[in-house]
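Visitor: Each chain, letter by letter, is given below.
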Amino acid sequence: DAGVIQSPRHEVTEMGQEVTLRCKPISGHDYLFWYRQTMMRGLELLIYFNNNVPIDDSGMPEDRFSAKMPNASFSTLKIQPSEPRDSAVYFCASSLTLGEAFFGQGTRLTVV
Amino acid sequence: SQELEQSPQSLIVQEGKNLTINCTSSKTLYGLYWYKQKYGEGLIFLMMLQKGGEEKSHEKITAKLDEKKQQSSLHITASQPSHAGIYLCGADRSNFGNEKLTFGTGTRLTIIP
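Heads up: the protein sequence lines correspond to chains A and B, in order.
Under this note's numbering, the residue at position 10 of the first sequence is numbered 10, and the numbers go up by one with no gaps.
Under this note's numbering, the residue at position 39 of the second sequence is numbered 151, and the numbers go up by one with no gaps.
One or more of the hints may lead you astray.
Straight-line distance between alpha carbons at most 30 Å, and here's what the computed BS3-like set of lysine-lysine pairs gives [stated by the list, open to error]:
no.	chain 1	residue 1	chain 2	residue 2
1	B	LYS148	A	LYS24
2	B	LYS148	A	LYS78
3	B	LYS148	A	LYS68
4	B	LYS150	A	LYS68
5	B	LYS150	A	LYS24
Just so you know, these hints were derived from the structure itself, not from any lab.
Make the full structure from the sequences, and use the hints.
Guide: Next up, the structure:
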């Protein structure tokens, strides 16, 4: 397996535009997590799914953020409209029921 | 306030020296995970500790869990340039497994020749 795959690796967009980040988890993993990492706040959990169902989205900062997992092999994190303070590295991770989480390489988002 | 506090926040160590990074939780720990991150890359799993008093080693890295103190330490022996990076501890907030990891603030380790 190629591991968790995220796209794009880098995204630069203008304030107000819609941004969609994509993630392909490791096949067979039941859990999928979206994290955001900034210098100020460190690594924060935004939302996680179990068997494609959102379990906890309490970390999603505001209604501008939404995440979906239409099937076991794909998830998206959307920001609409984007703002400069959304600039961060967004990580997707997946895991089995027990054990360590495997992280993707991240998407570096810059909103200008 | 952060649930997981790591200390120190940054560490500069001469190659070959030993070092320790600490992770302290303000809440009950059901599991403690250590990850390493290199700049611009994703996190790499190092090890998981689940029981009080548990100690695990991987190459020159040893981690211990003190459940009573709600604290874990990561010790690197004879540090090498390849050990440089950011070390993060993650805590399991459920007793069912790795359902929702929250992470510490991170420790940035620099190894100088």
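Visitor: Evaluate each hint against the coordinates.
Guide: Quick rundown of the hints versus the structure:
no., hint, verdict
1, LYS148/B / LYS24/A, "22 Å, holds"
2, LYS148/B / LYS78/A, "27 Å, holds"
3, LYS148/B / LYS68/A, "28 Å, holds"
4, LYS150/B / LYS68/A, "28 Å, holds"
5, LYS150/B / LYS24/A, "21 Å, holds"
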